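For chain Z, the structure is supplied; the task is to place chain E on it using the hints.
Top line first, the protein sequences correspond to chains Z and E.
Per our numbering, numbering of the first sequence is gapless, rising by one per residue and ending at 647.
Per our numbering, numbering of the second sequence is gapless, rising by one per residue and ending at 997.
The set of hints was computed from the structure by calculation and includes no laboratory data.
No experiment lies behind these values; they were computed from the predicted model shown.
All C-beta atoms in this analysis are idealised placements derived from N, C-alpha and C, irrespective of residue type, glycine included.
Honestly, I wouldn't trust all of these hints.
[Unchecked claim] To give an idea of the chain E side of the interface with chain Z (calculated C-beta under 8 Å), a few residues: (1) Leu659; (2) Glu717; (3) Pro723; (4) Glu960; (5) Gly996.
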Amino acid sequence: MVECMVSGRDYDVIVVGGGHAGCEAAMAAARMGLSTALFTLNMDNIAQMSCNPAIGGLAKGHLVREIDAIGGMMSVCADMTGIQFKTLNGSKGPAVWSLRCQSDKAAYKVLVRRFLEGQSGLDIRQSEIISLLVDGGSVVGVVDFLGVEYKAGAVVLTVGTFMNGLVHVGDKSYSAGRSGDFASVGLSESLVRLGFNVGRFKTGTPPRIDGGSIDFSVTEVQNGDDTPEMFSIISSGPTLRQVPCYKTYTNNRTHDLIRVNIDRSPLYAGKIKGVGPRYCPSIEDKVVRFPEKENHQVFLEPEGLETDEYYVNGISTSLPYDVQVGIVNSIRGLETALITRPGYAVEYDYCNPVQLKPSLETKLYYGLFMAGQINGTSGYEEAAAQGLIAGINAAKYVKRQEPLVLRRNEAYIGVLIDDLVTRGTVEPYRMFTSRAECRLYLRQDNVEERLSLYGVETGLLSGERRAACERVMRDMVEVENFLAASKTAAGDWPPGVPLIKILKRPEVTIQNILDKYPLNFAPDVKALRKIEIKVKYEGYVSRQMDEVDRLASIDKKLINEDIDYKCLDGLSIEVRHKLEAVRPRTVGQASRIPGVTPAAISYILVMLEKRKRSVH
Amino acid sequence: MRLHDDTIAAISTPPGEGAIGIVRISGNLSLSILRSIFRNPSGGSRTDFASHLLCYGRIVTDDNLPIDEVLAVYMKAPRTYTREDVVEIHCHGGTASVREILQAVVHAGARPAEPGEFTLRAFLNGRIDLTQSEAVMDVIGAKTKRSLLCAARQLGGGLGRRITEMRERLIRLLAHLEAWIDFPEDDIPAFDLDVFRTGASAIADEAANLLATWEGGRALREGISVAIAGRPNVGKSSLLNLLLAEERAIVTDIPGTTRDTIEETLSIDGLPVRLIDTAGIREAGDMAEAEGIRRSRAAMDQAEIVILVLDGSEPLHASDMELASETAQRKSLLVINKSDLPGAWTAGDAGLSGRAVINLSARTGEGVQALMEAISALAVRDPASTEGIVITRLRHKTALEGAVLAINRFLALLEAGEPPELLSLDLRDALACMDEILGVTAVDDILDVIFSDFCIGK
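Chain Z extracted, bound-state conformation (with noise of 0.2 Å):
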């Protein structure tokens, strides 16, 4: 072990977890300039997709773009291990277009693991941290399960599913991290003790299968886009091999299978405590919820290039092995597929990220942050949005700057962490569009313009990705500066008009005008996509910031941290609990926890307003 001799530091950021949320977390932090260490229970599993081999999909695409104009890796490393790209809702608005690929899960891991070795200043390290070492209000370091104490400045808890997991198939249940990994058990006593709320929630997976066993024939072939985006503003396009998914459909046999062995199923036999996501039900749930349904839909997704192995998407569950064997054999194309891995329900401690400030920092200890799992949240791109920002956070709080915190009207990352931060969760939160007021300007075509500045504040965006970032936005002032000062000449349109406004036709591309008035120079041809899709929204977008702006102002109004709620006798008694329990940051935060009421909030801004008069 390294001592730090001047600081009696042994590393000024640990990051505790290797998942998706303490990559990008410890990533940051080291290249903020940090000594920074990553302690993960298993070095063979950092960065591992414990769920569908794929990233990306309705709004987590749209955080994994802005993870890339912040300066992150997973955009990066999903556009290298990609094996297919396709955008979701082609046919609809530019606002919800959204980027998904099918990922080399093998790939994927090897290629996080080399860039997080290949980065100065960042130790990865194998063990068990059980606890953490706490000095007055401050996290000062964590102990491992030998009893070795680590110093640091800040620690960020990225633990996934690891604390007290309990993983279940049919009656059998044991404690493990997830399938193949052990639990993390010291540690959630360790945050009780130390004062946190720890809840419990429950997400399940399904069977993988050999591909060998499958017979595709009878499947529908399911391709990807033939000239996909790509996550990252420098990928030009895939690297590895592109291939297929298929689509089956369950039927009416399956579902007879799993009414007849419901009472199995560890959840319908009250053996699961933990509250599971409505998004993401079990055949099990589905079956039972919607009895009409003849059929629904599998999707077999390959889980890597160089593996049989696949991932049979949307038949997750918790029966028992021999009922599994049951329903998947039943699905056509299936009939003699082997199972190579069951799947399983794993039940999980997060804590309650009420706990959290908006920085991710928690409210109970200075320097402890938390990102992923542990608060709630399910997704490897919600995790990994909320690892960068705790990186960061954790790197300017040991720098005593001031944290970074994205707004609901700049950043799916911002409507994120404000969600969690302010509303809680009842089951694992996961990102959907129509959680974000300002839908229509967070698009994925405009992350650059919208969050590239903070990458380039912290040093996170830079090199090659900086520069491509700068030349698409140059380009894009350059291409609107000729737009709006040229007027059409005599021809198709009426003369006279700038070409800007003639581009607002829907029937109009950009392509059309630049053929008739051609540009002096050659632009990114990203750089003309976000001009056609900003000018033609223009006008939607624009009725939505008025929304945007009223957010902004009362956003702007902070409350006092050390206002004592309690002696608020204008408020209800429910009320000043709910603002006891989140202690919102600005006057705009409390506006959105659910039962304040508006009349509370006015009486609030008179209570802030008389206590500033009486400062002075």
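Using the frame of chain Z, we list chain E on its own:
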């Protein structure tokens, strides 16, 4: 969310019949609202309003119809009560003008103020001191504690249920759109234009029906004016006294807007009724018939409902018939008085058989109950489609109007084939309007419906 940075308006004189009424506006839009509804005596618009100077002119409706003569004053921030731009419009007293002016102001972009909101702003903007602020805290504090209860009471009966039910249908449509956006690969029923068209139109129609009850609802809230008309000596004073004796709820006895009339307020079935009498109590026995008719017309001009009193015991005068024909097209009741005496004519004889007629004896009191029921029925006419639910608060009306507008915009975009994320904007606006009435927020409700209605989850 109330931000205290929009523009608010309220009637700032006490309810009832003062000599003048004042509508006060505060916020950034104050001056532009005044400009849009104020006209010079010549009829032209006026853009220059010097601060703190009274201007004489009139206020007009959206359709440029005059509402009342007024004195208006624009007061530029910060030398105002709220330290924001403030406009005050001084008009004639009497509920009708002030409330119509308030309505015009709201149409032009203001929001009806919550109780105590002007004072709240005065405090937030540093205008009033701590002791004064205590009073504000009390108002708001009390409101917070009781808000749920109040909202429940206000929305008690059918309105809350009706709005909740409309809101649920709206959420169902929205959830379908949102599911279609957020779960493109899940098994969501295909987008069916007809479902959205009929679903949204039905909600808009229902909101429009509720809005149509505003006039009747207003009567419930502010009272309805009833003129007792008729030539001298038909028994108007006895009828007035009878009605008042029946209720014993005299609230005011003040001169009306013309010197020839007075008003008495009574309550019929909880409905405030302002009886406009032709100063008949003081009617001299020898008053010329022509003068009596003139006074009756003055009273009729001010009233929403006319009770024309006729003497059933002696033949009709020509002036009786004149008044009867003048009231034929209005909300009116014909009272044939002196039913205790032998009748000299019947409604059929007089060609009045199509009219609402009540036979009554002011002397014995016979028929007075029927008269009161008839007044009440005329005042609050319940359109059958709303099952007796009426809109009584301007806040509710404004919100419902917003919902109807938003749904109409949605329908237009729908027909134009716009994508769901744009359609969702207007449905969300409509939902926000309903949420405003109910004091709730919707994000989680939309998700709840998505997950309960659709089989989500690859």
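Now for the hints, and whether the structure bears them out:
1. Leu659: With a minimum Cβ separation of about 6 Å from chain Z (threshold 8 Å), the hint on leucine 659/E holds.
2. Glu717: Status holds, d = 4 Å.
3. Pro723: For proline 723/E, the interface hint holds, since the closest Cβ of chain Z sits about 5 Å away, which is under 8 Å.
4. Glu960: holds (5 Å)
5. Gly996: holds (5 Å)
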